[in-house]
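Asks: Given next are the chains, with one letter for each unit.
2 protein chains.
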Amino acid sequence: MTTQKGTLGTNTITQIGLLVHDIEAVSQAYADFFGLEKPEWFWTDTADQAQTEFNGQSSEARAKLAFFDMGSLQLELIEPDRHPSTWREHLDAHGEGVHHIALIIEGMKEKVTLMEGKGMKQVQKGEYTGGRYAYMDTFQELKVMLELLENDPS
Amino acid sequence: MTTQKGTLGTNTITQIGLLVHDIEAVSQAYADFFGLEKPEWFWTDTADQAQTEFNGQSSEARAKLAFFDMGSLQLELIEPDRHPSTWREHLDAHGEGVHHIALIIEGMKEKVTLMEGKGMKQVQKGEYTGGRYAYMDTFQELKVMLELLENDPS
Numbered sequence: 001m002t003t004q005k006g007t008l009g010t011n012t013i014t015q016i017g018l019l020v021h022d023i024e025a026v027s028q029a030y031a032d033f034f035g036l037e038k039p040e041w042f043w044t045d046t047a048d049q050a051q052t053e054f055n056g057q058s059s060e061a062r063a064k065l066a067f068f069d070m071g072s073l074q075l076e077l078i079e080p081d082r083h084p085s086t087w088r089e090h091l092d093a094h095g096e097g098v099h100h101i102a103l104i105i106e107g108m109k110e111k112v113t114l115m116e117g118k119g120m121k122q123v124q125k126g127e128y129t130g131g132r133y134a135y136m137d138t139f140q141e142l143k144v145m146l147e148l149l150e151n152d153p154s
Numbered sequence: 001m002t003t004q005k006g007t008l009g010t011n012t013i014t015q016i017g018l019l020v021h022d023i024e025a026v027s028q029a030y031a032d033f034f035g036l037e038k039p040e041w042f043w044t045d046t047a048d049q050a051q052t053e054f055n056g057q058s059s060e061a062r063a064k065l066a067f068f069d070m071g072s073l074q075l076e077l078i079e080p081d082r083h084p085s086t087w088r089e090h091l092d093a094h095g096e097g098v099h100h101i102a103l104i105i106e107g108m109k110e111k112v113t114l115m116e117g118k119g120m121k122q123v124q125k126g127e128y129t130g131g132r133y134a135y136m137d138t139f140q141e142l143k144v145m146l147e148l149l150e151n152d153p154s
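Here the protein sequences come in this chain order: A and B. Using UniProt numbering, the first residue of the first sequence is number 1, and each one after it goes up by one. Using UniProt numbering, the first residue of the second sequence is number 1, and each one after it goes up by one.
I should point out that these hints are in silico values taken from the structure, not numbers from a laboratory. Errors might be hidden in some of the hints.
Output of the computed footprint for chain A on chain B, the stretches with three or more beta carbons under 8 Å from beta carbons of chain A [as the list claims (entries may be wrong)]: (1) 12-23; (2) 50-61; (3) 65-76; (4) 92-100.
This one's a predicted model, so the numbers in the text were calculated from it and none came from an experiment. Ideal Cβ placement from N, Cα and C applies to all residues, glycine included.
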């Protein structure tokens, strides 16, 4: 499935992330519209586990997340709390809507370094159970933010 | 692959559409970043063929389009001309970035009627070789615009 070329070694988009003000209401709207079960939202991990860094500073930021399977990719709804994060910043600046598209990669450090060498800054990073993420500022070049996801070997 | 439930009879996202000011530059950036061949962009059909309607009025609007295969879905770059369209309106109002996600459906008229019954207005429609599209205003409910694509039986 994964092509071994390009900066990331893959071009498979696995997720679209949308910022919302009310995850309960928007989850219900997706469930109703697409005839799907409404998933339970959950909080991202607390700061001690998530080790979230936003613009190089550690942050207490958390978000409520809900996921829908939309064919071959996930649609992620994100309702951030008030602490500093790319989620809160983007929601305050641009309102609700698409925040990022995500790709599953291998070798997070190497990929982040490669992208930073191209002038694409790491905006936020954190850990989740079974892996880690990095949001990279690719807007100028690609007109959308990329999220890199690295899952631990199971 | 297609689930036969919900409003559209499918929940498979097949395309993400991004508005850009310079399709040549952004196509090159995608090609370089993902190690892909740069696709040739092309103009949408002229008004007599496309029969474009925007907000219920016929429009001369056209756009340059370029497509990238990103795993299981297409990434579409859209550089609109100056005539009235959802593309031009969105680009002027919100700048570059994601404009819509698309799903392939069957029974365009019926699906559009069903959605309009839910208060989701048809914003723009048109024909292309082998099919037709409709942009539906789902932003309030789903926080992103949906495009319905109907391809003729081949």
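Asks: Hints broken by the structure, by number, lowest first?
Replies: 2
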